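*Asks:* Letter by letter, the chains look like this.
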Amino acid sequence: MSHPRVDLIAGEARTAIAAARGASELEQARVRYLGRQGALTLLLRSLGTLAAGERPRVGAAANEAKRELEALLEARLAEARARERREARGRQRLDLTLPGRRPPRGSLHPLTLVRDRIVEIFAGLGFSVAEGQEIESDYNNFEALNIPRDHPARDMQDTFYFSEDTLLRTHTSPVQVRVMKAQPPPVRIIVPGRTYRRDVADATHSPVFHQVEGLAVDRNISMGDLKGTLALFAREMFGPGSSIRFRPSFFPFTEPSAEFDVGCFLCHGGGCRFCKQSGWLEIGGSGMVHPQVLKNVGYDPEEVTGWAFGMGIERIALLRYGIDDIRLLLENDLRFLGQFA
Amino acid sequence: MKILYGWVRELVDVTLTPEQAAERLIGAGTEVASVTRLAPAGLRGVVVGEIRAIERDLGESHGHRLLLCRVSTGREELSVVSGAPNTRVGVRAAFAPPGASLPGGRAIGMATIRGAPSQGMLCSERELGLGEEHESGLFELEPDARLGADLVAHLGLEDSVLEIEITPNRPDCLSILGIARELSALTGAPLREPAVALKESNEAAADLARARIDAPDLCARFTARVITNVTVGPSPAWLAVRLRAVGLRPISNVVDVTNYVLWELGHPLHAFDRDTVADHAIVVRRAARGERFTTLDGQERTLTEAMLVIADPRRAIGLAGVMGGANTEVGPRTTRVLLEAAWFDPACIRRTSRALGLRTDAAYRFERGADVEALPVAGARAAQLIADLAGGSVARGLIDVYPAPRPRRRVSLRMSRVRRVLGIAPRVAEAARILGGLGLPVTERGEELEVEVPGFRRDLVIEDDLVEEVIRVWGYDRIPSTVPGGVTGVVSQPRTLRQEAALRQALAGAGLSEIVATSFTDPVTDEALAGDGPLEPLPLLNPLSEDASLMRRHPLAGVLAAIATNARRQQPDVRIFEIGKTYGQHQADIVEPRWLAVAVTGARGPAAWYRAPEAADAYDAKGLAEHALAALGVTATEVATPEPAAAFEPDLHGVLVTPDGRGVVEFGEVSATVRERFGIDAPVFAALVGLDALLDHEPAPSRHQPLPRYPAVARDLAFLIGAGQPVTAAEIESALRAEAGPLLRDLTLFDVYRFPDGRRSLAWRLTFQAEDRTLTDDEVNTIQARVAERATAGFSIALRSR
Chain A
7 MSHPRVDLIA GEARTAIAAA RGASELEQAR VRYLGRQGAL TLLLRSLGTL AAGERPRVGA
67 AANEAKRELE ALLEARLAEA RARERREARG RQRLDLTLPG RRPPRGSLHP LTLVRDRIVE
127 IFAGLGFSVA EGQEIESDYN NFEALNIPRD HPARDMQDTF YFSEDTLLRT HTSPVQVRVM
187 KAQPPPVRII VPGRTYRRDV ADATHSPVFH QVEGLAVDRN ISMGDLKGTL ALFAREMFGP
247 GSSIRFRPSF FPFTEPSAEF DVGCFLCHGG GCRFCKQSGW LEIGGSGMVH PQVLKNVGYD
307 PEEVTGWAFG MGIERIALLR YGIDDIRLLL ENDLRFLGQF A
Chain B
7 MKILYGWVRE LVDVTLTPEQ AAERLIGAGT EVASVTRLAP AGLRGVVVGE IRAIERDLGE
67 SHGHRLLLCR VSTGREELSV VSGAPNTRVG VRAAFAPPGA SLPGGRAIGM ATIRGAPSQG
127 MLCSERELGL GEEHESGLFE LEPDARLGAD LVAHLGLEDS VLEIEITPNR PDCLSILGIA
187 RELSALTGAP LREPAVALKE SNEAAADLAR ARIDAPDLCA RFTARVITNV TVGPSPAWLA
247 VRLRAVGLRP ISNVVDVTNY VLWELGHPLH AFDRDTVADH AIVVRRAARG ERFTTLDGQE
307 RTLTEAMLVI ADPRRAIGLA GVMGGANTEV GPRTTRVLLE AAWFDPACIR RTSRALGLRT
367 DAAYRFERGA DVEALPVAGA RAAQLIADLA GGSVARGLID VYPAPRPRRR VSLRMSRVRR
427 VLGIAPRVAE AARILGGLGL PVTERGEELE VEVPGFRRDL VIEDDLVEEV IRVWGYDRIP
487 STVPGGVTGV VSQPRTLRQE AALRQALAGA GLSEIVATSF TDPVTDEALA GDGPLEPLPL
547 LNPLSEDASL MRRHPLAGVL AAIATNARRQ QPDVRIFEIG KTYGQHQADI VEPRWLAVAV
607 TGARGPAAWY RAPEAADAYD AKGLAEHALA ALGVTATEVA TPEPAAAFEP DLHGVLVTPD
667 GRGVVEFGEV SATVRERFGI DAPVFAALVG LDALLDHEPA PSRHQPLPRY PAVARDLAFL
727 IGAGQPVTAA EIESALRAEA GPLLRDLTLF DVYRFPDGRR SLAWRLTFQA EDRTLTDDEV
787 NTIQARVAER ATAGFSIALR SR
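Residue numbers (the working numbering), protein chains in the order written: chain A, 7 to 347; chain B, 7 to 808.
Mixed in with the good hints, there may be bad ones.
Estimated spans, in silico, between C-beta atoms of each pair [unchecked claim]:
{"hint": "1", "chain 1": "B", "residue 1": "698", "chain 2": "A", "residue 2": "171", "range": "21 to 29 angstroms"}
{"hint": "2", "chain 1": "A", "residue 1": "211", "chain 2": "B", "residue 2": "410", "range": "55 to 63 angstroms"}
{"hint": "3", "chain 1": "A", "residue 1": "172", "chain 2": "B", "residue 2": "537", "range": "35 to 43 angstroms"}
{"hint": "4", "chain 1": "A", "residue 1": "309", "chain 2": "B", "residue 2": "456", "range": "22 to 30 angstroms"}
{"hint": "5", "chain 1": "A", "residue 1": "331", "chain 2": "B", "residue 2": "537", "range": "31 to 39 angstroms"}
I should point out that these hints are in silico values taken from the structure, not numbers from a laboratory.
These numbers come from a predicted model, not from an experiment.
Beta carbons: idealized from backbone N, C-alpha and C, even for Gly.
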């Protein structure tokens, strides 16, 4: 639909828009034709003075022209602004290959990362975290766990002493004793913590190290449940293809006792130096809580059974991250600390 | 312990290779650390040769006379030059013909020595890799050794050594017999215990020696055999080879037999020269306090009354279960041997052995528990072997003092218990077969087994011990994988865990690296850091070194050590934190408070094009402490005049405290004296947050504040503070806040300037806002003027600008 009067104004406007150089001239054109006193605006405002028959035709044509011009202006304006920005930048161009302004990036210690992961997995299985004292009584660390004085089993854990009865715990197992003494069954706890053995530091030994202990005691808990739980853990921790293996062993506070191995996640059973070509990585010790230990904490071994396991956090960190010297973990060289996520 | 596999196979008829046997043993709980072939690597083609004739003397060389010999291998005769002192016609010795090789890959060929052809080489023990002996000459073999026989086969070296590591509960596995018994149980192959065909003479042992136990609590049983008319001399080659193979040094036939039987049956024995025992009477008694005694190794030892000795009426002649005495040692002139087989209390032997620092094979076994029932067999086996190897005869009868015979324990095993503990159980007949195979007499009673525990398995005490025996033989891989049932409810994790996680996240997010440091420290550093603190030190009784001889009492010990390590390694810019413990005695208690320690040194951040290099300062430490508190939802305020602390520089030390006064944060510049002790040259800024007191500061759940509906008005106020005026920013700020009243929404110190002449300019932005209306300029102007007046008048400072 068109109308000569409208066409005239619109034609002029198109020409002006086309000729405009830059945003400000486009703005001038807008004011001239579409502004409050603009030609097209005035025409629309004067519709009332037209003959009744002409009014709709002129009105419709003018409105259409207004929409068209507005769209045109919008498009040209965007073009002009983009061009102006480009030109402005051209004078002071940014080198985007410069490094970005990075917020500082810190790091968590690999022992924290491994411990948190272990705790997270067992928390998901309904275990709650328990903590104890690092400075322990001989009773909690040994006697209550069925390791009497003058027993060769004490050779397995060379101990730092403060006095005859006070020592640095050699494992997280005394927390079992503390927790069971403090609450009735059922118990389901996971115990991360720092432990000590009087070993001279070398690539594989550290007098200060960390363990995670797990304990479950209930009316009907079997060694099968222990194996199943550790298998779930292994799949979460070491990958969905991980399998576990039990080997008979001896710990004075479990009976039966088992070492548990995880299928080597580094060579997938092919044999490598980490698994000493066996395809299996030794991860920790475990077993059914010894009835005498249950008695020592006031539980009835005919009523409840339980299992416990323990593993070294360092050992897992070394394997997981391919670290070949345990001493690196406590050295805190920044170049080491920054490598883990 | 080294076990010779061929020896094991004499006692059990298994067809497994050594590696397969090791695998089976490991699967049943006996650790096998290694399997090694016995023959020295590279020893090939050496045979038994005989010197038929000495043809020519070739003269001296390096003090040895070189002789040209004719050596027969049975098939051929060769010319060989030998410089060995025991070169003589008729001797049979190890001979390496051309084509043979010696350990280390040394190939034997033809040579010409002093113009004489030498076709091969007569070898010493050392050259064969079989021992250290070289100067005594050729490795001689028995006169009846088969000529031309392969030496490796002839010496029984076609065998493997299993290095066994036992757990403390299984002393029975410290023997060839014990390992054979395990393999028998695992494979079903029958066990053949060593046969003892004792030929006794008419002379009665009781007439030749007597024994008495004066300490029956420490010695349950003492037995003895007497062997007469012995000739002490070297052991035959087969015995010496076996002993060497398991790591023992052959000494003499009599002593070697006791070691042989120790290895074979697992029971320690001791041979006395019977004629040196006063009155031929043995008394087992406690040592007197301070009693001096010289053990076989020539060391004089001072004993205590906790130790047990074997004595004659005049003196101690043996340290029971640990080591014999020099005064009754079997020697070349010994003709009558008194052979002891006894049982001693494990704890007593262990204490004695540890107290004297004397760890012997005998003590190792006694402290783990020997078999009290095995004494007669072990004694008879050894007595007969001595008679066989050293001549002589075994006197009639066993001297056996056994005041209170120890009955065999009986333990019942319910199959229901097996199933309950393991989640699976074999059929009762299978369980009975397994236990029987382990040498345990079993009686079947329906679904229950009654087991009689022989003396060699005193570790089996309770029902669950038998559960383990059944499953370890049946196979741990049969244990099913199940998951425990019975949800115990929603588990809640301790608040310490959440607190530490929040801190780690906040600080790592702020660019700090987490460290984990040792708990140990040295006394001087500890005193320098924590000497003025509330904790008493906790020294270790048995530290590994002086550097790590007590528990750290101060939370900066870890971060400072880490900064020092990094500084030494060309990393001067460090921003770290540790969440850890300190340890000490507080009044009657030993305490282990938890801490956050933060430390920064060097540049504030890595060098970058967009930022000028800036050194970290005390405000970094303070800001990080505030950041940590914010992460915990804790507020804290400045303490006006903090107590000085040894760890910090006196005038660069601030303290923040929580509203209840319990939570305390210290920050500032680390004392130069302290950091220099760590070898750190650059200033270090640190903050300490005691975490235990903040545990109660679990913030209340947040409440939503409606967003402001009316505009805010901001005004800046800058003050000029004269040089030397002590007023602090905190004092001014609190005055501003108090005067500004309820319309003050925010107060920010946005500019600090220090003039060269010491004057300071501090500028705050005050933001005002009302909840119910738009504030007018007049209203705000009035408040601003009042606030400025209060500050300028109150602190005698000047307003700098509007």
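*Asks:* Hint by hint, say whether it matches the structure.
*Replies:* Evaluated hints:
no.	hint	result
1	B:698 to A:171: 21 to 29 angstroms	holds, 25 angstroms
2	A:211 to B:410: 55 to 63 angstroms	violated, 44 angstroms
3	A:172 to B:537: 35 to 43 angstroms	violated, 23 angstroms
4	A:309 to B:456: 22 to 30 angstroms	holds, 24 angstroms
5	A:331 to B:537: 31 to 39 angstroms	holds, 34 angstroms
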